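What follows is the residue order along each chain.
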Amino acid sequence: MNWKLPFDIPLVVPTMGLPGWFFDTLGIIVFVVHIAFIYTLIGASTASVLYNITGVFKKSKTDDLLAYKMTNPTTISENMGALWGVAPLLVISVLYTGFFYTAILKVSPHILHIIYGNIFAFLLSYAYKFSWHSLHNHKGFHIAIGLVAVLTFYTLPPVFMSMSNLYLQPETFATVQNIWDIMLTPLTSFRLLNFFLTAFSFTGIVMIYLGVKWVKAGGEDAEAGRLAIDQGKKWFMWASPVNIAVLPLVFFAFSPRISEAYIHTPFVFLPFAASAVLTILFFFLLKRFGNEEMNLGDATKAMVLVIVAVVLMATARHGIRVVSFEEPLKLQAEATEKYMTDVITEYKAYKEEMKNAPAVVLDPAVSLADSKGCLACHSVDTKLVGPSYKEVAAKGESADVLTASLKNGSTGKWGETPMPPQTLTDEEAKTLIEWVLKQK
Amino acid sequence: MFDFPIFEMPTIGLRMLMAINAIIHVFVSHGGAVGGSVVLALAAWWTNKKGDLAGYETVYRLLMVFFIISTSVGALTGIGMWIHANIISPNAIGGLIRVFFWKWFIEWIVFNFEVILLLFWFMTWKTKATTAEGRASSVRFGTYYAVSSWITMLIITAILGFMLTPNFDGQPWIDPEVYPGTVNYNNALFNPTWFPGLLMRTFSSIAFAAALAIMWTWLITAFSKNEEIRATKERLIKFFATIMMVTVPVAAAFGYYYLLQIPEAARAMIPTAMMTRAFADKMDLMYMIISGIGGAVVITTIIAYFSPKRMPYIAATLMVAAFMLFWGFEERTREFIRKPYLIYNYMYANGIRVTDVPYLNKVGILKHAIFVDEKDKVIKEDKSNLVEVGHTIARIECRACHTENGINGLKFLTKGWSQEAIRNRINNLPGGGTPYMAPFVGTEAEKDALAAYIASLNKRGEIK
Chain V
1 MNWKLPFDIP
11 LVVPTMGLPG
21 WFFDTLGIIV
31 FVVHIAFIYT
41 LIGASTASVL
51 YNITGVFKKS
61 KTDDLLAYKM
71 TNPTTISENM
81 GALWGVAPLL
91 VISVLYTGFF
101 YTAILKVSPH
111 ILHIIYGNIF
121 AFLLSYAYKF
131 SWHSLHNHKG
141 FHIAIGLVAV
151 LTFYTLPPVF
161 MSMSNLYLQP
171 ETFATVQNIW
181 DIMLTPLTSF
191 RLLNFFLTAF
201 SFTGIVMIYL
211 GVKWVKAGGE
221 DAEAGRLAID
231 QGKKWFMWAS
241 PVNIAVLPLV
251 FFAFSPRISE
261 AYIHTPFVFL
271 PFAASAVLTI
281 LFFFLLKRFG
291 NEEMNLGDAT
301 KAMVLVIVAV
311 VLMATARHGI
321 RVVSFEEPLK
331 LQAEATEKYM
341 TDVITEYKAY
351 KEEMKNAPAV
361 VLDPAVSLAD
371 SKGCLACHSV
381 DTKLVGPSYK
391 EVAAKGESAD
401 VLTASLKNGS
411 TGKWGETPMP
421 PQTLTDEEAK
431 TLIEWVLKQK
Chain Z
1 MFDFPIFEMP
11 TIGLRMLMAI
21 NAIIHVFVSH
31 GGAVGGSVVL
41 ALAAWWTNKK
51 GDLAGYETVY
61 RLLMVFFIIS
71 TSVGALTGIG
81 MWIHANIISP
91 NAIGGLIRVF
101 FWKWFIEWIV
111 FNFEVILLLF
121 WFMTWKTKAT
131 TAEGRASSVR
141 FGTYYAVSSW
151 ITMLIITAIL
161 GFMLTPNFDG
171 QPWIDPEVYP
181 GTVNYNNALF
191 NPTWFPGLLM
201 RTFSSIAFAA
211 ALAIMWTWLI
221 TAFSKNEEIR
231 ATKERLIKFF
241 ATIMMVTVPV
251 AAAFGYYYLL
261 QIPEAARAMI
271 PTAMMTRAFA
281 DKMDLMYMII
291 SGIGGAVVIT
301 TIIAYFSPKR
311 MPYIAATLMV
321 AAFMLFWGFE
331 ERTREFIRKP
341 YLIYNYMYAN
351 GIRVTDVPYL
361 NKVGILKHAI
371 FVDEKDKVIK
381 EDKSNLVEVG
391 HTIARIECRA
401 CHTENGINGL
411 KFLTKGWSQE
421 AIRNRINNLP
431 GGGTPYMAPF
441 VGTEAEKDAL
451 AAYIASLNKR
461 GEIK
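Going line by line, the protein sequences match chains V and Z.
Per full-length UniProt numbering, the first sequence starts with residue 1, numbered consecutively.
Per full-length UniProt numbering, the second sequence starts with residue 1, numbered consecutively.
By construction, these hints were calculated from the structure, which means they are not laboratory data.
A hint or two may mislead.
[Said to hold, decoys possible] Now the in silico label distances, taken between C-beta atoms and shown as ranges: (1) Z:L285 x V:N356: 44 to 52 Å; (2) Z:T131 x V:V13: 48 to 56 Å; (3) Z:D373 x V:K139: 50 to 58 Å.
[To be verified] Reference listing, derived: stretches of chain Z covered by chain V, where coverage requires no fewer than 3 residues with Cβ under 8 Å from a Cβ of chain V: (4) 25-32; (5) 73-79; (6) 96-110; (7) 286-297; (8) 367-377.
Only a predicted model underlies this, so the values are computations on that prediction, with no experimental measurement involved.
Heads up, the beta-carbon is just placed ideally off N, CA and C, and yes, glycines get one too.
Construct the entire structure; sequences and hints are all you get.
What follows is the structure, encoded as structure tokens:
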């Protein structure tokens, strides 16, 4: 295969003697927490806007209350989601530096949407949340703010997914020129489908869980709680069957090299296992579908099951890394070692040469001219930006005229490029002009 | 050594792209998070202690502003620093993350505490505000938040200080003889600029946050329909001004101490860093600007302290603007005086490692530029593609600081120069006139190509 791979950063990987599986596990755990919050963010912000709209049309206070209550999980999960996104990136960027940074560069500047698009969406989501009561009589405007925030959140996963699909498949480095080459591929569409389906399945369970707590609290909240449980079940029942079918297929949408190797590893069973867990959860909820209320035990069980499914998916995804990076990491390490050997040999030889080189004794005037930056534009015998010192000396101007030109600058004497005024003492000017005049 | 794909930012340039993100981040992380947490926790404690419930309510409204800005703009531009650095200099950030991985991981854990405590403090404020015990416990969370956000600054400034002064006591960070084996990162962390830098940042952040709090208190109280909230203006502005009376002089003192710790080579770069090259000689103008900024802060602080009720809004914004100018200057200067290095004695500003230079001078910079098209890498025998090859070299070696014809554009910098003049200029790059430029790295033929490309920028469209 014709690989285009960057060298590794030639510094030791900071393992502190810990085994490789420690970093793999750490990477999976922090990623699962991150993605769980991101799923909740997508689902909760969508639910809030949806119920805000139905609240207006149905003139339902309960819908409106649920919409308002969903802004809290939105705030928490946007903050925690961004925060926990840092850790997996930190781990990946240390273990797979070259691949990760290459992918980010290839999808630039669009990757900056992750920063600036997020700031925009965060600010709008805060505006939506904190203007709830003051914009009560301007519902259309208020909903528009929420809607733009949600739609902006929806634009972020495609960018991020493109970067992650790129770095997972180093064989595409040679052909992918910009973000669209990877975003508009079946793999990215497939993974995005899986992502959004999981987001709604996951938030479905979160809503059931929150709903049970609100029902327990009683009062007005209980009504909103029942509505949340109902919505949670619907989302899960609708999104999961599609996801159960899509999930095992995602892993075969990678490049043939990766997909073929993946089949021969134990990782191949994980997507099926995740589908199985989701199926169990589906029947578990189906049995309780008619019950308006659920107990905390059931909600907790559902939560545990959906987290298990996400952990299985994340581990399956890690399998892609293991399979995909085996060969390029080896090639990269070999190339880096060879490069560094060449570099260090040459550097040592250079240092040796410098040590033995006779010290150059410069005319003090030359050192002065260099330190003042004169030699950047002038040389002794060739015209550069300005005239050569030989030409200057030959022109026959007096020392006073030259000193004035040096200190105040001059224009028009030697073409259109002006000589800027220089800062130096009278003594320094004298040394320089005397030296210039000697160059005839 | 450059083997990553090349990304350019036309017109504004990569330096400016980074600067925009960095300066926004500094405003919010220093003023909003580190300083803001301290100032608001103090204000919450003080109003609660005095039994000033209206004041306590105004502090909540202030906290809302700080919460919104810190968690959106602050946190995300923080991650942005990494992404921007990645785009501009993958080798530098990659190296730093390898060496400081665990420090950054610890910082991330502390950052978790910071965000969770802030979320908790803000989101439970209302329910806890009804009882005295509730308020006391709320203030405690504010205090923990302040402590954790200060610890994140402590860790990050150590890494920043390292980039400026990586080795001291004659101990190099990386010994080229044993490269790439050992990295002496404890020496790198506890370096001479860290401690004064941290304290300068701590106290000036608190002062900046107090100035911001004054500005927002003014707005919140002016637009409140509640009579009691409006009446809190005087007390709170006076309280924040008191904080400034203490922290501004302390910050200035540590700032001076910090300045003394900066290595001489870096200090010599300060006039250019602060005034740009065009005004580097006008140091008196720089002193005037500094006295102007400092004077504005001092005068408005005194007004706020002695006459909080009559303090005009414009004075409050002036104070904030002065701090923003100060931080903007400070960031630019700190980044600039490190030149020609990105990490002292290890990597040049354009991402080329010092140890790689002799080798690359022999084999050429383009040999390992893996993502560059072959046709733009090899100079043809008839030299017909000299300009294209030169362009590639400029994209590798110059793009970190220069654009083609935008900010700091090569085209304007070399207007009226002959190709030979340009070539000579490339020959003595760090040189006397521009000590902050990284040396040219590559073969003589590559130097010709680069000169041909830069000269071509002003030749295009010229009628011969």
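Hints versus structure:
1. Z:L285 x V:N356: 44 to 52 Å: Given a distance of about 47 Å, which is inside 44 to 52 Å, the answer is holds.
2. Z:T131 x V:V13: 48 to 56 Å: Taking Cβ atoms as reference, T131 of chain Z and V13 of chain V lie about 52 Å apart, which means the hint holds.
3. Z:D373 x V:K139: 50 to 58 Å: 56 Å, holds
4. 25-32: violated (count 0)
5. 73-79: holds (count 5)
6. 96-110: Since three or more residues must qualify, the claim that chain V covers the region 96-110 of chain Z holds, with 8 doing so at under 8 Å.
7. 286-297: violated (count 0)
8. 367-377: Coverage by chain V holds here, the residue count being 3 at a Cβ distance below 8 Å.
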